[in-house]
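Trainee: Make the full structure from the sequences, and use the hints.
There are 2 protein chains.
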Amino acid sequence: MELQFLGTSSGTPSRARNVSGLALRARGSKHWYLVDCGEGTQHRILRTNFSPISLRAIFVTHIHGDHCYGLPGLLASAGLLNRTEPLLIAGPPAVERFVRGVIESTGLRLPYAVEFAAVEAGWTVATLPDFRIEAAALSHRVPSFAFAFTEKSIVRRLDTAKLERDGIASGPGWGQLQRGEDIDLPDCRVARSADYLLPGRRQRKVIVAGDNDTPSLLAEQAQDAQLLVHEATYTEDVLQKIGPGPQHSSARATAAFAQEAGLPNLILTHFSPRYQQAGNGPSMADIEAEARAAYRGNLFLASDLQRYALDRHGVLTLLTDT
Amino acid sequence: MELQFLGTSSGTPSRARNVSGLALRARGSKHWYLVDCGEGTQHRILRTNFSPISLRAIFVTHIHGDHCYGLPGLLASAGLLNRTEPLLIAGPPAVERFVRGVIESTGLRLPYAVEFAAVEAGWTVATLPDFRIEAAALSHRVPSFAFAFTEKSIVRRLDTAKLERDGIASGPGWGQLQRGEDIDLPDCRVARSADYLLPGRRQRKVIVAGDNDTPSLLAEQAQDAQLLVHEATYTEDVLQKIGPGPQHSSARATAAFAQEAGLPNLILTHFSPRYQQAGNGPSMADIEAEARAAYRGNLFLASDLQRYALDRHGVLTLLTDT
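Here the protein sequences come in this chain order: X and D.
According to my numbering, the first sequence is numbered sequentially starting from 123.
According to my numbering, the second sequence is numbered sequentially starting from 123.
None of these hints come from the bench; they were simulated from the model.
Everything hinted at is true.
Intra- or inter-copy, both count: the list cannot distinguish identical chains.
The calculated lysine to any residue pairs, modelled on SDA-like cross-linking and capped at a C-alpha distance of 20 Å, are:
1. K363 - L202
2. K363 - L203
3. K363 - N204
Mentor: Written out as structure tokens, the structure reads:
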């Protein structure tokens, strides 16, 4: 599984960070998915290997502008690229009202269909390629969701020693068995696929969360996940100073949850623009130090255009830094 | 007068060019104006000396997304910067419907007032600082306008030789005379301001046009203008191939109009992304060659973040190139 961050700032873009957007795909798949689409997401996409043509669906965590104001422009540009495949947009119902309203008020004509799915707690979609996707409700000023992406198909290996012991010769039949089909043998026996498939490895699962002041709402989803991507808008001291009104998480709160949930990998994102890369004021190093003090797993702080890979063993690696 | 291009691509952004946006201000003024606000305009503003706080008004030429999809994000970011001054948005009525619709559907709360002005042919506003602004109707698939910015106040110089001949001693009185006030002299004479002001120079006037397939619609406005900023989406051959449907101008058509109108300065912008900076395909050099063949004035092809100055004598200079 591959992830690429298109925006990692909260509220407003900065010179280094755009507002939220995350590209996700199964390695080698022709489809990809987008979680959130802040203004300028299409500009970031121009700097990646992703195309608005092969985008299969967009998941919008919540209706705040820094997570959705890039939708109209991305839809328009996909149209100018002559996209014809339907595009799914899944999110809280306000997202459909927003997008339909803009299409209508600006006379936007698209050469492809836009399909909307209204997301609520427990919403699941299994009809998309590569992943089963589930929504989990979060706690924010407006309805906000996390999307959990679970691999749909695992290629299970054949128990070749057993096949040979049972006198089943290698050939096209082995492929059928591996694909889950039972086969008739020349001696009139039937070989059942289930008898010759080795146990599958664990399905990879990645949770991408929207804005949220209560990470523990993801406790159940996190049980079988290898990676959580979650906001850490502030350090704890800044959050205490601002108060609970904005309903965001601190680095400490997110990291402590990931530690308690036993999550092997954590990527923090959605940083307040007040945190600079370096300098005398609040810096990204403050966010990192706070998170490392509370979490002993594999921790990353996302930057724009960073690409990550989660391998079959659930090991997360940063592929490119910017 | 200073202009800075924030976007110079038509339809979609490219890696080098954003969609339409142009900043304009009177040199030394604390206010500035924006014409068009395509997606990502606020990102470009981050790379300039302009701030969403001191932006006085936004003029939207027409409702197409590449000219207005950056409005919601810019409004939101100005709010996060704690802007309190009202902001005027002037454009065809669809612009107000679009912006109000997004504010409503996404629950955007702003700490300042947004005022809308519905632009139609002949619309004028004289209540803004620095400029009187007039709209002229263009020809496009949807209602589209040009905005003409004319300097409001010209500082007229005093005829000091005449003052001395008439025995009016230098002092605070000279300043009053220059500001247009008559003054009482110690010998009971009255010195009239009008008698001592030298003739004013011509007021500078800049026309910034939206999408338009008929440049000659600007013939009247162009009579006393020093600069026209106008689209040249295609070269003539490409326009002929595409046909008149999109209702854009070729470089040749725009340049020929500027030549006929006697405009001393012309900046072309809004280039189709098919024109590359260099390479084997259609290039910016094709646009330039076609325009130069038809126009013998001071010609520029705009690039993103370029700054231009129009001095008191109507001479246009490129201040920085990118």
